[in-house]
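Participant: Top line first, the protein sequences correspond to chains A and X.
Going by my numbering, the first residue of the first sequence is number 1, and it counts up by one from there.
Going by my numbering, the first residue of the second sequence is number 1, and it counts up by one from there.
A portion of the hints provided could be inaccurate.
Said to hold, decoys possible - Computed list of lysine to any residue pairs in SDA-like fashion (alpha-carbon distance at most 20 Å, straight line):
{"id": "1", "chain 1": "A", "residue 1": "K160", "chain 2": "A", "residue 2": "A237"}
{"id": "2", "chain 1": "X", "residue 1": "K72", "chain 2": "A", "residue 2": "R250"}
{"id": "3", "chain 1": "A", "residue 1": "K160", "chain 2": "A", "residue 2": "R250"}
{"id": "4", "chain 1": "A", "residue 1": "K160", "chain 2": "X", "residue 2": "R15"}
{"id": "5", "chain 1": "A", "residue 1": "K160", "chain 2": "A", "residue 2": "R79"}
{"id": "6", "chain 1": "X", "residue 1": "K72", "chain 2": "A", "residue 2": "L91"}
Keep in mind the hints are simulated off the structure, nothing from the lab.
Just so you know, these numbers come straight off a predicted model, no measurement behind them.
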Amino acid sequence: MNALRVIAAAFRLQLAITRRSPGHLMILLTSPLFSVIFLSLVVSGQRSGTLVNGVLAPGLIGLWLMSLDLAASIIEEERWAGRMELLVASLTPVSLVVFGRIGVVILAGALTFFESWLVAVVGFGADVPLERPGVFVVAILATCFAMAGTATLLAAVFIKSRALHVFQNALTYPFYILGGVLVPVALLPGWLEPLSRVIFLSWSADLLRGSMSGNLPDAWPAWIAMTIGLGAAALVAGFLLINRIIDQSRETAHVGHS
Amino acid sequence: MPAVVEIRELVRTYRTRRKAEETVALGGVTLTVDDSEVLGLLGPNGAGKTTLVKILSTVLLPTSGTARVLGKDLVSAPQTVRENVGVVFGGERGLYPRISARQNLAFWAALYRLDRRTAQNRCSELLERMGLADRADEPVETFSRGMKQRLHLARGLIHGPRILFLDEPTTGMDPVAARDFRALVRELRQEGRTVFLTTHDMAEAEALCDRVTLIDHGRLVLDEPTRHIGRYLDARECVDFTCDDPAVLAQVPELAFVESVEPRDGGHRALLREPADVARLLVWLIERGVLSARRSEPTLEDVYLRLIGTRAMSV
Ligand SMILES: Nc1ncnc2c1ncn2[C@@H]1O[C@H](COP(=O)(O)OP(=O)(O)OP(=O)(O)O)[C@@H](O)[C@H]1O
Ligand SMILES: [Mg+2]
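Isolated chain A (complex conformation):
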């Protein structure tokens, strides 16, 4: 009887906690997204693009997760290591340092594409096409730039936000879907398209797929431009925001909400 009462008490306790911290219920948000992913894969199952997608998606997801991680930790790390003050006292804006450090890690992270290609070729004996290698390389570089620009913006947003982890989670699955990482945006319900077109990934993922399968529209340079343009916009916003956070820190003596 006592045991039951303890369990009931714990149940009520957790109920109260969960009502205060809905982060625990993140799964309610992410599980419909899984449905979207699996249903799209089934719907598009027989199409030729599936193999290309299987190679690209892990690479893009890997790169994106890495960017999120880096964005969440880079400013915090400079602060904890006691370097933030020294950076502020130098002649260079902290934002440039943030972007530079993020950039290298992302370029190195682009090797995940090569890894997943290896898995497909060696592990599965698949015949992975690469019809337009030149476009592919340009697309990878544009993707890396846009990824670094976006991560710079996120670094600023994260340091400002009180609910970092919720934020970080919200930027995974919804992003893969809207960014056309798992299935091409064209296969998503039509009303999602305007939303997904402001995410650089939706352009660069289509580009990467197209350059591999050879299924590229003539307007592909415009897609490159969109990728770079959206990345640059994020970068500029990131620079402005980081510079503002640093200016505020000179007044308040602390960086963001940390």
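Dock chain X with the ligands against chain A, hints included.
Facilitator: For chain X with the ligands alone, coordinates are given in the frame of chain A:
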């Protein structure tokens, strides 16, 4: 020629996030430094020394008041100030531990916009000067604390600043390392740089600083050339002695020409007004078998203890 540093009524408060109340770290400090010299910034924990260093190195903004460095206002022209100011916070933090000393310096050289050639030369030169040349290409995490502190000094000097702020640079250094460090600071002054040095080591301040500034509770309590520091004590003559005979010891403070007696480094120190009193006390002590007595000078520590007193521990 504008003053090297000119501070007027500088105030800095901190607002803690939870509590609504404000901490006043600096409560109106006025100070002018117009020569290349080594200036000792002294004061108990929480006095506001680091806050002052952070403001003068543009890391923090003042709440009110003004500060100029070489005539440039800290708030309106921070970039010009940054070109002329180097800052070193004590301790081991602030470096990139996984990379080498040379790579650390090269990074900071870039942040101070040195061109590649100048940066390379400056790095090698500083590593040599700090005695780090042999280990220059090893990861900083393998360095001892003293080595890290020297690397910090190199980092602070990378852009050849006119003014250098050193916040407790010798904490945790062994005596030899600290001595070498002091020799370096003297060299920097010879080169025409002004050094602000925060320290809790009175002997160090006395040995190194041309001038000492004492801050307590965010206010300037003293600002004086080191050699005139004794004038802050009424009794400027001292006799140090050790005495095992309690009867004799009890008599010393009762003597008419003795101002006071304080325990001091295992023995005692008697404070006297006139030089003639020194001879009288020495004779008096020797006649009673106290042979260890000798004349000494009041030190910075005496002045510090007198001015800050016992309050230091209550902050
Ligand atoms: N970031 C901060 N937020 C709130 N209060 C602060 C902050 N930094 C310093 N203070 C407060 O300001 C006062 C002065 O601190 P400061 O670090 O300047 O002293 P200090 O003289 O350098 O002391 P120490 O000898 O211990 O290094 C202290 O009361 C301290 O608690
Ligand atoms: Mg301090």
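Participant: Run every hint past the structure and note whether it holds.
Facilitator: Now for the hints, and whether the structure bears them out:
no., hint, result
1, A:K160 - A:A237, "14 Å, holds"
2, X:K72 - A:R250, "18 Å, holds"
3, A:K160 - A:R250, "15 Å, holds"
4, A:K160 - X:R15, "18 Å, holds"
5, A:K160 - A:R79, "14 Å, holds"
6, X:K72 - A:L91, "15 Å, holds"
In terms of the numbered hints stated before, the structure departs from none.
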